[in-house]
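Residue numbers (my numbering), protein chains in the order written: chain A, 1 to 297; chain B, 1 to 252; chain C, 1 to 343.
Think of the hints as simulated: they come from the structure by calculation, not from any bench.
Be aware that one or more of the hints could be misleading.
Okay, derived cross-link-like pairs now, BS3-like style, lysine-lysine, Cα gap no bigger than 27 Å in a straight line [said to hold, decoys possible]:
{"#": "1", "chain 1": "A", "residue 1": "Lys269", "chain 2": "C", "residue 2": "Lys191"}
{"#": "2", "chain 1": "C", "residue 1": "Lys324", "chain 2": "C", "residue 2": "Lys191"}
{"#": "3", "chain 1": "B", "residue 1": "Lys66", "chain 2": "B", "residue 2": "Lys2"}
{"#": "4", "chain 1": "C", "residue 1": "Lys324", "chain 2": "C", "residue 2": "Lys337"}
{"#": "5", "chain 1": "C", "residue 1": "Lys157", "chain 2": "C", "residue 2": "Lys35"}
{"#": "6", "chain 1": "C", "residue 1": "Lys38", "chain 2": "C", "residue 2": "Lys252"}
{"#": "7", "chain 1": "A", "residue 1": "Lys264", "chain 2": "C", "residue 2": "Lys143"}
{"#": "8", "chain 1": "A", "residue 1": "Lys269", "chain 2": "C", "residue 2": "Lys252"}
{"#": "9", "chain 1": "C", "residue 1": "Lys337", "chain 2": "C", "residue 2": "Lys325"}
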Amino acid sequence: MVNTLVGLTVNGLAMGVIYALIAMGLVLLVRAVGIMNFAQGDLLMLGAYISCALIVDLKLPFWAFVPVALISFAIVGIIFMATTYWPLRNASYPQAVIIATMGAGYALKELVQMAWGSIPRTMLPLVIDPKTGSAAILRFFGVNLQWQFVLIIGVCAMLILMVFILFEKLYAGRMMQAAAQDKYAAELLGIPTVLTIAVTYILVNIVVSIGGYMVAPIYFASTTLANLQLRAFAGVVLGGFGNLKGAVYGSLIIGLVESYSTLKWSSYKDAVVFIVLILVLIVRPQGIFREKIADKA
Amino acid sequence: MKPILRLEQVNKRFGGVIAADDITFSVMPGEVHGLIGPNGAGKSTLMNLISGIYECDSGYIFFDEKDITKMPAHSRARLGIGRTFQTPRFLQRSSIRENLLLGTDLGDHFNYAQSYFGKKGADFEAELNELMQYAGFTFDWDDDITALPFGQRKILEIVRAMLSHPKLMLVDEPAAGLNSSEIDNVISLLTKAAKELGIGILLIEHAMDLVMNFCERIVVINFGKVIAYGSPSEVSSNPAVIEAYLGRDNDA
Amino acid sequence: MIKLLQNKKSQIKLSTMITLLIAVLFLITMPRINKDYKMLCLNLTLIYALCALSISIMLGMGGQMTFSAVAMMGVGGYFAANLCSGRLGFSLPTFPVLLLAPIFSAAVALIFGLILLRLRGTYFTFSTIGLVQVAWSFYSMYKPLFGGYDGISGVPKLSIFGYTPSNYNEWFYVLAAFLVIVALLVERIRKTKLGRSLAAIRDNEVAAKTLGINVYITKVIAFTIAGSICGLAGALYAMHTRYISADMFTFKVGVQYIIMAMLGGVNNTIGCIVGAILVGMLPEWLRIAEGYVNLLYGVGIILLMVFMPMGLSGVVTSIIKSLKKRHKKEVTAIVKKAEGSEV
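Same shape as in the complex, but just chain A (with noise of 0.2 Å):
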């Protein structure tokens, strides 16, 4: 029993950090731009596909691969604003920004499909045992666990508080968010806003898009990853919209729900997750934590 436990919490939480680096980009969109993403999910994807194409078809090795890999990242991120956020920014329906994300996830669909096609790529696992060419397997508490899951947990971790820190506790993420509440006081207050929104959509993609690489080995890079966000969307309204920690706690927990769900329900494993989402909800309108700005809605 314990095993499983284990098994299932280590899974969960595996799931949950990477849900929590959607989740991240999310808030950030929120707070230092002003808008909802609803191509999050496709970003990743694109992240998982480029990783897939400079890994398998380019045969990088790591050391070339992650500049070029965050290079790469940084473009699409940039192409991103430009198509989706620029020409909307004056809109004066808040909803027309949504809607232009959601067209530029169609648009990503299609794209990743034209150019690798639709069968699922795949790749090799993150950390390869050298005597059997597969997964490399850990013995932890007597359960066999994928190192994979240990290194996504890590460094998503990192990366997930190297955000933070930014964020909240830099100069930086403060123009960032004064850029995003009132872009006209922030400009005279000296604060380049069209920086700090590129600077925004940079750091989300790269954030995104490793979170993408990570889970390219063990869910393949397909369509389907894009349906990822769906959890970090979850996460961050458990969390309480825009706030960074609760995005982060809301997406872990997110994650662990899922896993364990698949104990007794596993086929509707995405009924519980929304369902739990729900009660909480109820219960608690505004999320676990108390959110920091006002809902923008």
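Got chain A sorted already, so can you dock chains B and C onto it with the hints?
Structure of chains B and C alone, referenced to chain A:
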């Protein structure tokens, strides 16, 4: 005659800021009652407390001797509290007719089903025309609300509030941004409301001559506390009031 | 012509006449030029149009973005499928069930609305996403009520007092009739207290409260009506296609309905219908661009939001407005000239 509005020791804090501190005063039906104080004193907050947008931390609010302290904003409005805002809040994308209908909807007291199945709303065109004579301008009903200049919109907001047949009107800085003839129109509208229709008016205003000439009683607020309460002459000679507005004279 | 546009009453009459004309032309020509498969698609778009109308109520009038249309459509669809196909051990006549479906869906929508609308703005939107996921999960997994992945088939043909639409062409007229009736009912909302109150909530919730509008209940009422319309759509779908399964009710499809409404003009009844037809028929008309459809679609949506956020009807309305303005300018110019010459 019972007061139409009575506040008893109303308190409200926002974090560390005391917005309302033991506020007590009352407004009689048909009375023009001023609410003044320096900027940031808590006047708009008080309006929001009365209309129900904020909830009091403690204290009581009585409307027509009914305890409305815990009532939601829309119920208070339906009891007969009308409200105007410093910046007029209209539906920007709708026509003037639709915006005014919102006012009469409130006065009509009939529900969605009745409205849907064709019960004709009270014919308010006659009433509207009469009010517009006081308002001093004309318009085409089907124009967009954005076709009206700022001053006319402010006056129209008062008209809309009056169309809902309230017993009390909360008027927030009606003269701000208006020229002198528009201000005259506002005064004649509010006078009609108070003297002919018996509506109690609680008026926030900064234009001192307007306040002193138009209001029968005035309550002065500073830092959320009532610092003076009485007739215009009493209030204008009250040293605490003078200090609040002009600052203490340091050289004795 | 310009003079006609001047008088508001004749303006309305003119636009109604034009709409009627186009509609009648549409109704007559469509079955003639479309073959079987295309007709099926067209019929489906009429059903989608009903869901688009529900979006018009919630988002267009009330300013609340909700994805719940698909979930409610499923409610109505499975209701009809279960009661008519005999899989529960009995089967009821189709027409009464068709009329009961929106009532049943309204009840379900009422319950969920009361629960979910306690949440504000974006929280509410996300909770509707949750609702759709939960619903889809049950629709695709729970065999006893929903038939699992195989869905429910064997829904009998619809029979209205003995008349049975037997081919897609005949269904076209039946669906068009339902659509027209619902469209008229929805349009009426706009002119009444409910429509105004929703507009107030959309544009300025605080002011709405001070105008005596019970925001919570009004939103719930709108949600219930919207859900009821979607339920009707679902039941019609079940009887038209005689088969129902969970992949009709995914989140993705829910997004489609919102896009349909936004394309046509989310706050315009006719716009939503046009939007539904366009989005529904696009894959057919763009058959040539087979592999690129989604890409064009996605890019198209972005462009739509950039250039026409109020949809096609928004474009039409602004054209009319600028014509009016120009006409007014001409009139004042003429009047000025006349006054000038009198002096």
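Evaluated hints:
1. A/Lys269 <-> C/Lys191: violated, 44 Å
2. C/Lys324 <-> C/Lys191: Holds, because 22 Å separates the two Cα atoms, which is no more than 27 Å.
3. B/Lys66 <-> B/Lys2: holds, 11 Å
4. C/Lys324 <-> C/Lys337: holds, 20 Å
5. C/Lys157 <-> C/Lys35: The hint holds at about 21 Å.
6. C/Lys38 <-> C/Lys252: OK: C/Lys38 and C/Lys252 at ~22 Å, within 27 Å.
7. A/Lys264 <-> C/Lys143: Holds - the C-alpha atoms of C/Lys143 and A/Lys264 are around 17 Å apart, at most 27 Å.
8. A/Lys269 <-> C/Lys252: Cα-Cα ~18 Å, so holds.
9. C/Lys337 <-> C/Lys325: With a Cα-Cα distance of about 18 Å, the restraint between C/Lys337 and C/Lys325 holds, given a limit of 27 Å.
The earlier numbered hint that this structure contradicts is number 1, and it is the only one.
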